[in-house]
Amino acid sequence: MSLVLKNLQRVVRIRRVPLRKKIEILRSILGVQKFDLGVICVDNKNIQHINRIYREKNVPTDVLSFPFHENLKAGEIPQPDFPDDYNLGDIFLGVEYIFQQCKENEDYYDILTVTATHGLCHLLGFTHDTETEWQKMFQKEKQVLEELNRHTGTRLQPLSRGLF
Amino acid sequence: MLPFRCCVPRALGSAVSGLRPAAPSQQLRQLLQPAPRLFARPFGLLSVRAGSARRTSLLGQRGPCACGCGCGALHTEGDKAFVEFLSDEIKEEKKIQKHKSLPKVSGGWELEVKGTEAKLVRKVAGEKITVTFNINNSIPPTFDGEEPSQGQKVEEQEPELTSTPNFVVEVTKSDGKKALVLDCHYPEDEVGQEEEEENDIFSIREVSFQSTDESDWNDTKYTLNTDSLDWALYDHLMDFLADRGVDNTFADELVELSTALEHQEYIAFLEDLKSFVKSQ
Numbered sequence: 001m002s003l004v005l006k007n008l009q010r011v012v013r014i015r016r017v018p019l020r021k022k023i024e025i026l027r028s029i030l031g032v033q034k035f036d037l038g039v040i041c042v043d044n045k046n047i048q049h050i051n052r053i054y055r056e057k058n059v060p061t062d063v064l065s066f067p068f069h070e071n072l073k074a075g076e077i078p079q080p081d082f083p084d085d086y087n088l089g090d091i092f093l094g095v096e097y098i099f100q101q102c103k104e105n106e107d108y109y110d111i112l113t114v115t116a117t118h119g120l121c122h123l124l125g126f127t128h129d130t131e132t133e134w135q136k137m138f139q140k141e142k143q144v145l146e147e148l149n150r151h152t153g154t155r156l157q158p159l160s161r162g163l164f
Numbered sequence: 001m002l003p004f005r006c007c008v009p010r011a012l013g014s015a016v017s018g019l020r021p022a023a024p025s026q027q028l029r030q031l032l033q034p035a036p037r038l039f040a041r042p043f044g045l046l047s048v049r050a051g052s053a054r055r056t057s058l059l060g061q062r063g064p065c066a067c068g069c070g071c072g073a074l075h076t077e078g079d080k081a082f083v084e085f086l087s088d089e090i091k092e093e094k095k096i097q098k099h100k101s102l103p104k105v106s107g108g109w110e111l112e113v114k115g116t117e118a119k120l121v122r123k124v125a126g127e128k129i130t131v132t133f134n135i136n137n138s139i140p141p142t143f144d145g146e147e148p149s150q151g152q153k154v155e156e157q158e159p160e161l162t163s164t165p166n167f168v169v170e171v172t173k174s175d176g177k178k179a180l181v182l183d184c185h186y187p188e189d190e191v192g193q194e195e196e197e198e199n200d201i202f203s204i205r206e207v208s209f210q211s212t213d214e215s216d217w218n219d220t221k222y223t224l225n226t227d228s229l230d231w232a233l234y235d236h237l238m239d240f241l242a243d244r245g246v247d248n249t250f251a252d253e254l255v256e257l258s259t260a261l262e263h264q265e266y267i268a269f270l271e272d273l274k275s276f277v278k279s280q
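Taken in sequence, the protein lines are chains A and B. In case it helps, UniProt numbering puts the first sequence at residues 1 to 164. In case it helps, UniProt numbering puts the second sequence at residues 1 to 280.
A hint or two may mislead.
[Unchecked claim] Dumping the calculated EDC-like pairs for lysine to aspartate or glutamate here, alpha-carbon to alpha-carbon at most 16 Å:
(1) A/Lys21 to B/Asp239
(2) A/Lys21 to B/Asp230
(3) A/Lys73 to A/Asp129
(4) B/Lys178 to B/Asp230
(5) B/Lys94 to B/Asp230
(6) B/Lys128 to B/Asp175
These aren't lab readings, by the way, just hints derived from the structure by calculation.
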């Protein structure tokens, strides 16, 4: 099924093909290639607006996930009854915020990938509100990124590292 | 970092349809002459003036020059009021004109303007990239919102007019035999609508090859419609354009240029109209 990328901002130059390639690998590792996924790149202003509307937090952030399937157990792959429901939801990447947080020795697309992994885990029911939930999410992100690292020769670490 | 799960799922379907609206196959001329849209340029000042114009003799004047100038041409009181009306409008439009000369597009693009058609040309490493657009019918309709309440100034209600024309990108390699032609569009949301749509700043609608020898668009050439295109191929096409300087920043600057050109042409049209009405 489709992975749809959209770039709604002009602050950071985004090359779609490398980003798509990384996210396609992530979908494959997570076993969710059958599901539609939207990844939308936005600037600080836009993600702050979304953050304020849906989380009542009036600050820019790096990623916001909008799952299509609600109330999934952590790591549960949805089992839709209808073809149209083969949809994971949308991930909004705050690419300007991520760019500003990116350190000099870090590859920007690697950081985007780490952030997208975090967002994908949220779409699959993982959260990090409590230490127990975080442990599960951290382990999943770690497992996915370790497999990605084997494919691509990178050394990516989970975004949720050190949250608790 | 974003611990966030929202109870408001966003269906991908709407996002997909927003990005790839169906587009009928068109010829190049048609691409540069988009389908007519409702035009909603505010005539705030004019509407006031029109109401105050003398009306008694407008319908009665049919004979030659009744205005007293003795020219012998058809020159009615209505024409006189029309000229006054246009003079005021031209004055107002010039007052709000943002650019006295057309803004430049960054990235080494050279601009050629022929009437309402503009062409941006850039040469990079043996390739020639040409972007063409026409400002006719390029202002999307404004959202028909609530009427201004009493006491509110009309100017505060009027959204700024923005010209968002379809544009055609032609890429020619050094051998110059054929051009890759990409028909690009801005999203068709109505100005002033608050609905949050996740549309790209611009999208590619159609892709084809055209011979650079033929002056006319050849409809027998295969035209790839992105409506049913694989998204991975679509992303390659978008990166291809970005590598040639046609990216979101360019698309924004094109809107600024097109808006300035449209306004310039509008004022020139009003001036022509005024001269025409005044002429004998």
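Hints, one by one, checked against the model:
1. A/Lys21 to B/Asp239: The hint holds at about 13 Å.
2. A/Lys21 to B/Asp230: holds, 14 Å
3. A/Lys73 to A/Asp129: holds, 14 Å
4. B/Lys178 to B/Asp230: Violated, at about 24 Å.
5. B/Lys94 to B/Asp230: Not satisfied, since the Cα-Cα distance of roughly 47 Å exceeds 16 Å.
6. B/Lys128 to B/Asp175: Given that 16 Å is the threshold and the Cα spacing comes to 11 Å, the pair holds.
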